[in-house]
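Chains as they are written, first to last, in our numbering: chain A, 115 to 646; chain B, 524 to 873.
It should be emphasised that the hints constitute simulated quantities derived from the structure, not laboratory data.
These numbers were taken from a predicted model, which means no experiment stands behind them.
Glycine included, C-beta positions come from ideal geometry on N, C-alpha and C.
Check the hints yourself; a few may be wrong.
Unchecked claim - Some chain A residues judged to face chain B by a derived CB distance under 8 Å, without partners named: (1) Glu257; (2) Ile442; (3) Leu505.
Said to hold, decoys possible - Here are the computed lysine-lysine pairs in the DSSO-like style, where the Cα-Cα straight-line distance is at most 30 Å: (4) Lys272/A x Lys295/A; (5) Lys274/A x Lys643/B; (6) Lys517/A x Lys506/A; (7) Lys191/A x Lys274/A; (8) Lys643/B x Lys812/B; (9) Lys812/B x Lys506/A; (10) Lys503/A x Lys812/B; (11) Lys563/A x Lys506/A; (12) Lys274/A x Lys294/A; (13) Lys191/A x Lys229/A; (14) Lys812/B x Lys517/A; (15) Lys121/A x Lys369/A.
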Amino acid sequence: MTNPALKLTDIRKSYFGNAVLKGVSLEVAPGEIHALVGENGAGKSTLMNILFGMPVIEETGGFEGTITVGGEAIHPKTPSDAMEHGVGMVHQEFMLLPGFSVAENIKLNREPVRKNIVSLLTGPVGPVSRALSSLDLARMNSESRISLDRIGMSLSEKTKLAGLPVGHMQFVEIAREVDKKTAKLMVFDEPTAVLTETEAAELVATMKALAADGIAILFISHRLDEVLEVADRITILRDGELVECLDQADASIVKIAALMIGRDLPPRELPARTERQDSRPLLSVQNLFVDMPGEEVQGASFDVYPGEILGIAGLAGQGKLGIANGVIGLYPTRGEIRLDDKPLSLGQTLSILQEGLGYVSEDRRQVGLLLDESIEFNIVATAMQVRGKFLKGSGPFALYDQKAARAHANRLIEEFDIRCQGPSQAVRRLSGGNQQKVCLARAFTLEPKLLFVSEPTRGVDVGAKDRVLNLLVDLNRERNTTIVLISSELAELRQISDRIAVVSGGQVAGILPPDAPDVDFGLLFSGEAVRS
Amino acid sequence: MMGLMERIGWTRGILAIFLVGLWFVTIVATDLDFSILFSDCLVRTGMNGILVLALVPAVRGGVGLNFGIPLGMICGLLGTIVFMDAGIRGPSGLFGSMVLGGAIGALAGWAYSRLLEAVKGQEMMVGIYVGFGAVAGASILWLVYPAQNQELVWPLGGEGLRNTLVLEGYFKQLLDRFWSFPIGSGFFPTGLLAFWLLLCLLVGLFLRTRVGLALSTAGANPRFAESSGINVRAMRSLGVILSTVLGAIGIVVFSQSYGFVQLYKAPLLMAFPTVAALLIGGATVRVAKISHVIVGTFLFQSVLTTSLPLVNDLIQQAEGGEAYANIPEIARLIISNGIILYALTRKERA
Numbered sequence: 115m116t117n118p119a120l121k122l123t124d125i126r127k128s129y130f131g132n133a134v135l136k137g138v139s140l141e142v143a144p145g146e147i148h149a150l151v152g153e154n155g156a157g158k159s160t161l162m163n164i165l166f167g168m169p170v171i172e173e174t175g176g177f178e179g180t181i182t183v184g185g186e187a188i189h190p191k192t193p194s195d196a197m198e199h200g201v202g203m204v205h206q207e208f209m210l211l212p213g214f215s216v217a218e219n220i221k222l223n224r225e226p227v228r229k230n231i232v233s234l235l236t237g238p239v240g241p242v243s244r245a246l247s248s249l250d251l252a253r254m255n256s257e258s259r260i261s262l263d264r265i266g267m268s269l270s271e272k273t274k275l276a277g278l279p280v281g282h283m284q285f286v287e288i289a290r291e292v293d294k295k296t297a298k299l300m301v302f303d304e305p306t307a308v309l310t311e312t313e314a315a316e317l318v319a320t321m322k323a324l325a326a327d328g329i330a331i332l333f334i335s336h337r338l339d340e341v342l343e344v345a346d347r348i349t350i351l352r353d354g355e356l357v358e359c360l361d362q363a364d365a366s367i368v369k370i371a372a373l374m375i376g377r378d379l380p381p382r383e384l385p386a387r388t389e390r391q392d393s394r395p396l397l398s399v400q401n402l403f404v405d406m407p408g409e410e411v412q413g414a415s416f417d418v419y420p421g422e423i424l425g426i427a428g429l430a431g432q433g434k435l436g437i438a439n440g441v442i443g444l445y446p447t448r449g450e451i452r453l454d455d456k457p458l459s460l461g462q463t464l465s466i467l468q469e470g471l472g473y474v475s476e477d478r479r480q481v482g483l484l485l486d487e488s489i490e491f492n493i494v495a496t497a498m499q500v501r502g503k504f505l506k507g508s509g510p511f512a513l514y515d516q517k518a519a520r521a522h523a524n525r526l527i528e529e530f531d532i533r534c535q536g537p538s539q540a541v542r543r544l545s546g547g548n549q550q551k552v553c554l555a556r557a558f559t560l561e562p563k564l565l566f567v568s569e570p571t572r573g574v575d576v577g578a579k580d581r582v583l584n585l586l587v588d589l590n591r592e593r594n595t596t597i598v599l600i601s602s603e604l605a606e607l608r609q610i611s612d613r614i615a616v617v618s619g620g621q622v623a624g625i626l627p628p629d630a631p632d633v634d635f636g637l638l639f640s641g642e643a644v645r646s
Numbered sequence: 524m525m526g527l528m529e530r531i532g533w534t535r536g537i538l539a540i541f542l543v544g545l546w547f548v549t550i551v552a553t554d555l556d557f558s559i560l561f562s563d564c565l566v567r568t569g570m571n572g573i574l575v576l577a578l579v580p581a582v583r584g585g586v587g588l589n590f591g592i593p594l595g596m597i598c599g600l601l602g603t604i605v606f607m608d609a610g611i612r613g614p615s616g617l618f619g620s621m622v623l624g625g626a627i628g629a630l631a632g633w634a635y636s637r638l639l640e641a642v643k644g645q646e647m648m649v650g651i652y653v654g655f656g657a658v659a660g661a662s663i664l665w666l667v668y669p670a671q672n673q674e675l676v677w678p679l680g681g682e683g684l685r686n687t688l689v690l691e692g693y694f695k696q697l698l699d700r701f702w703s704f705p706i707g708s709g710f711f712p713t714g715l716l717a718f719w720l721l722l723c724l725l726v727g728l729f730l731r732t733r734v735g736l737a738l739s740t741a742g743a744n745p746r747f748a749e750s751s752g753i754n755v756r757a758m759r760s761l762g763v764i765l766s767t768v769l770g771a772i773g774i775v776v777f778s779q780s781y782g783f784v785q786l787y788k789a790p791l792l793m794a795f796p797t798v799a800a801l802l803i804g805g806a807t808v809r810v811a812k813i814s815h816v817i818v819g820t821f822l823f824q825s826v827l828t829t830s831l832p833l834v835n836d837l838i839q840q841a842e843g844g845e846a847y848a849n850i851p852e853i854a855r856l857i858i859s860n861g862i863i864l865y866a867l868t869r870k871e872r873a
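One chain only, chain A, in its complex shape:
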């Protein structure tokens, strides 16, 4: 291993003073399949963005550290720059033209050409001459065929791309990268996320075949079993730091999962509860199925007891977000949900909210806020629709009571410490943390018995994270609001939850106390408990 295919040395990157990569170094040998795993926000995508010279890196001040590909130091500033140096990428979203044939897609912009009268007139060489030459379709097809065969794809090179199954498109992308021949390193960014099981298995076989050909592969995935099956070495990132680089022989799903999540935050002093929990569940969810794309829930069951904070943890794509979205009725849902022993009408958001559930979405900007409306309107909008609050008069002609809304908003701005110019400021202008507080204020205004809070600290800076969590604790202790807190950050859940349910494969794999050892969480995260 004299010349590693890829060598990253001490890569550092920060966004606006917020360090997301804190000195990551790794090496991938030619022919090696190297897996990169980590929770959301661990720094995987930032690392890939750097490797590919995505513009966002330059725009935010570049990075520190060195990258060498095949012994040659590079500093890619654009994706094409990176490609020229032999870095190929198979994207999660396909970069393909649906109206073109498979061969045309593979050869796009690298087509073999034949001279014709017009191109001869414009001179023997040069871009103009090339642009006016005829495509050598026969060679395009035959060369594409070779590349397709190389990755074990029997699909005809002459098929139009439109209408092909997703899995096939993925393979066409791979064939295109393979066809470039210069590729020394290929990056697969969660390639199996959109594939069916058999397609994923084929893909894994293809990756092995490519590696056997001497191409180094960097493989990013959330499916730990797959990682274990295919990777020679596994690098685990956590909070922008390289935690461990394991050889396949030493690795196990439990070990990887424990390393991914095992971060310690100082224990938090929680105020004592005034009353003991009731033994009858406030919310009982039985056999819940939610059809939320990418976050399917497949038969989750759990109870929430009055007055508690129930944490819901799980890796991305396992369905933890689907639970909240399904319960509140935003996606097609089956199963049984009982609040205070009364069945909820599934999918009827209005009646569900009226029954006393509240919801803070994980997608703050798209779902959680009216970005161009004022803070005060954002805070009162839902309570007005659901509870008829902040209206003057009664019946259909009751008018918006802006004075009451403003008074209420001013109170909450103070109580929640929302940093703003005033209640009439548009929420678009607020920082992430303050926007999140507006979301919480809105949910609080609804006065729910039980509040679902999804990823409240995502995209919020460190200081504000703490304030948001404190706010949740206050709501729980002082207003006696039962809270279901869904988060990708286990450490955060451990700080304030009474119990933590771990979701895996769309089901609740188990419920643990917050001080359970990392290994137990690791087991549940990897889905071991449900499988055995």
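Go by the hints and put chain B onto chain A.
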């Protein structure tokens, strides 16, 4: 100065200055009677105001600028024809036409909203063609309409409705002349403006009710609305229906002021000046307020109303008293389409 322009909005500011300039030139450089011109500006504003107002509920509901407003106009025309055919004159004819037209508009608006639901994301483009299609369809309706009242039918034993129906003796300028008073040689159309402002007030109040705010919420962010228990589809429908109903009422008011009911191709292009007026007022595809309606209609219609006779007069002066009949028409097209183009392409400074 810059700060002031920012506050007023550049579009509105520039047009306001342009309008005042036109008025100044009119007074200084021509023999035109300014009081008549000003009175005309007010009348044109009142005539078109409700049509502009009709766009607001659709924008609020999130379907963008309702280019299908000719559909509503046709419903209003149909209402008018039914009442004229029955020989009902005066206020009962006027308000009867509005009520019937509005009712037909509600039905048509509901069907239109179903269509828009199917083409989500392209409402404005589809709306243009719905408007065109409705005009074509209505033309057939006018041809086969079994009118008994001979004043409506083509003269000399023809069949089908006339191109232009005269409202003299029915409800011509009923609103315009209500409580009106002279200003110079012109008059102040009190009833017309009052009726328009009353409707503006009603729509404004509606937008502050729970349903009205649900409508705005659905338009501003459908996913937020959904998670707040708002039925987004119903709200979008409501916006389109209200818009169509107001379009129907708007054309009845327009006709009574104009004194004629114009059928066949007349409504074809009326969506564009209407939309332009709203945009000039400061609205965007996503945000429209009542103040935008009032300011925009007045500015747009006043500039048009003033520039025509002014250009005509200036050309006459230049040509030594000889008028070219088609030049003012050309000027009108250039000015009105210029404003429309400006309104449609401008970008509000963030």
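Query raised in the report: Failing hints, ascending?
Result: Going through the list in order, the structure violates hints 1, 7 and 13 and respects the others.
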